[in-house]
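Chemist: The listed protein sequences correspond, in order, to chains A and B.
Heads up: take any position in the first sequence, counting from 1, add 52, and you land on the working numbering.
Heads up: take any position in the second sequence, counting from 1, add 3, and you land on the working numbering.
Please keep in mind that the hints were generated in silico from the structure rather than gathered at the bench.
Heads up, the beta-carbon is just placed ideally off N, CA and C, and yes, glycines get one too.
Hints may contain errors.
What the simulated footprint calls covered on chain A by chain B, stretch by stretch (three residues with Cβ under 8 Å from a Cβ of chain B suffice, anywhere in the stretch; the number is not a length) [claimed, not checked]: (1) 84-95; (2) 105-111.
Over the 12 Å line for every Cβ pair with chain B, so calculated as not near, a few chain A residues [claimed, not checked]: (3) LEU59; (4) GLU70; (5) LEU120.
Listed below are the residues making up each chain.
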Amino acid sequence: MSGQSDLGRADLLGMLAELTAKPVDQVPHRVGSMELAWLVHLVEQRYGRRLDLTDDQLAAIRTVDDALAVFRTSLTSATDG
Amino acid sequence: MERLTGNPTARHPEWVDDVLLAGRSADVCLRLPAPVDRGTLRRLVGEAQARLTGAGLRHGGAAALRLPPSLAYVVNLLATWRVGAQAILLDHRLTDHEVDRALARLTPQVVVAPVHAVGGALRVFVDVTETVTRYADRPATSGHAVIQLSSGSTGPSKVIGRTADDLIAEVRRYTRIDGVALPGERIILLPSMVHVLGLVGGLLYGLHAGVELVPPQRLSGDAIVAAVRAQDTPATVLGVPFHIGLLASTRPDGPLPQLTRMTTGGELVPAATAQAFTDRFGVPLGNMYGMTEVGVIGTDLHGRHRPSIMPAPGIEVREVDGELRVSCPASPYVGLSDPTRWADGWLHTRDAGSVDPATGLVTVRGRLDSQVSVGGMKVDLTEVEGTLTGLPGVAAAVVVYDDGITAYVQPDGPLTEEMLDGLLAERLAGYKRPRTLRLVGQLPRTTTGKLVRSVAALRVAAP
Numbered sequence: 053m054s055g056q057s058d059l060g061r062a063d064l065l066g067m068l069a070e071l072t073a074k075p076v077d078q079v080p081h082r083v084g085s086m087e088l089a090w091l092v093h094l095v096e097q098r099y100g101r102r103l104d105l106t107d108d109q110l111a112a113i114r115t116v117d118d119a120l121a122v123f124r125t126s127l128t129s130a131t132d133g
Numbered sequence: 004m005e006r007l008t009g010n011p012t013a014r015h016p017e018w019v020d021d022v023l024l025a026g027r028s029a030d031v032c033l034r035l036p037a038p039v040d041r042g043t044l045r046r047l048v049g050e051a052q053a054r055l056t057g058a059g060l061r062h063g064g065a066a067a068l069r070l071p072p073s074l075a076y077v078v079n080l081l082a083t084w085r086v087g088a089q090a091i092l093l094d095h096r097l098t099d100h101e102v103d104r105a106l107a108r109l110t111p112q113v114v115v116a117p118v119h120a121v122g123g124a125l126r127v128f129v130d131v132t133e134t135v136t137r138y139a140d141r142p143a144t145s146g147h148a149v150i151q152l153s154s155g156s157t158g159p160s161k162v163i164g165r166t167a168d169d170l171i172a173e174v175r176r177y178t179r180i181d182g183v184a185l186p187g188e189r190i191i192l193l194p195s196m197v198h199v200l201g202l203v204g205g206l207l208y209g210l211h212a213g214v215e216l217v218p219p220q221r222l223s224g225d226a227i228v229a230a231v232r233a234q235d236t237p238a239t240v241l242g243v244p245f246h247i248g249l250l251a252s253t254r255p256d257g258p259l260p261q262l263t264r265m266t267t268g269g270e271l272v273p274a275a276t277a278q279a280f281t282d283r284f285g286v287p288l289g290n291m292y293g294m295t296e297v298g299v300i301g302t303d304l305h306g307r308h309r310p311s312i313m314p315a316p317g318i319e320v321r322e323v324d325g326e327l328r329v330s331c332p333a334s335p336y337v338g339l340s341d342p343t344r345w346a347d348g349w350l351h352t353r354d355a356g357s358v359d360p361a362t363g364l365v366t367v368r369g370r371l372d373s374q375v376s377v378g379g380m381k382v383d384l385t386e387v388e389g390t391l392t393g394l395p396g397v398a399a400a401v402v403v404y405d406d407g408i409t410a411y412v413q414p415d416g417p418l419t420e421e422m423l424d425g426l427l428a429e430r431l432a433g434y435k436r437p438r439t440l441r442l443v444g445q446l447p448r449t450t451t452g453k454l455v456r457s458v459a460a461l462r463v464a465a466p
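Use the sequences and the hints to build the structure in full.
Modeler: Encoded structure:
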């Protein structure tokens, strides 16, 4: 399926900017449970599918970069599978 | 009925059966999504009661519930009250450090905690297997039915108690508010039941009124929509402003005739957000104002008075020197006598606001102290700052709210953000921790040496 590996850091920062009403360059890179729920929700909306993330994967996400790595893995494995 | 005094006595436990658990056995009270009917709930509460008393809980004692939102939480809460004991509600996100301090102060007879929980950060409701552990052998520190902790300005959390009579009065207050979910309808429950909106406005009101409580399967917009769609009966979505965004950013997928209204508490919703919601779903976005100390204070469930609210039945609100005060017969604070917080039957909300003498409408204009709202959770920045300042390697710290909790830290030795992160994670629940940490060589100070708290000056100090 096309378009599933194109998720970038800028996309996530844009999503957080929407949540926090801050300019993208001022969005905190730390991700709490609320920010994480927001990112998962918007990534799912964008790709029209549910991200199957384990508790361990979710618990390991502390930053935007962590989230990006986990989401990419999930999107890629869903495509491969 | 007992008098409300500074040291209330426990009410007879029959109130649980009379006010919350009455009704036909076959009526569904929870959908998780499997339906839990009243008969099942009564049986589970009875079984939990036996486990709690077997572990040492007695009438007049206390049980600390350190459980995530779950059927186990509901059952143990009701069972604790049915024993005639006090329930100490500990948010499951609190750290061991925060919980240990609370337990040492409140000395419950038992602690209920999960041995196994399924479902993580994105679950609204969790499957929990709990264990009951004996903790102390003392009576409860007060006769309140419930104890809740609020982020405090003086180090440890504020301890807030509410009597059974007070909870019953609030539940009955809800039944008199125009626009709440009605018997036979559903509440799509998003706020945590450990905190006042989800606890009384969701769980207790729902059980009392015969409204089904439906937590979505996960914390996402699609799951909220799916929960609304799952039955034909009218549904009210109860949440905080964060949840509006989740719902409003779903892809339109046909009509949602079951959706009656969304009601949020916790913080004000910008008018544009409210309008966008109403345009999209064609139903009102209601607003509630309340506090842990007294529960619901006022509402605007039809969205007609935004940003104002009308005091709830039986609640009086007045403005004194720009601060809102709310009628509250007895001090809700345990172990704290502070006339700047409660005096002579009035709670000092520390919210700036005004009361329109002609209409009685109340307008809340924000905090007069250092408390902020993070996703509906109250956080006192002084607690965050005090915790940071007490960490090894920290010379001074200033914590401000700059569209998120932001900490400026002056180290007195080698210190990295990662080290600070790790230390904070041991001491503060996640929602209290700074989203932005900035290490600065020298925090700005006034000529008399006081730390400067202006966001603009701090931004300059840490470009």
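Chemist: When the hints from earlier in the document are held up against this structure, which numbers fail?
Modeler: 4
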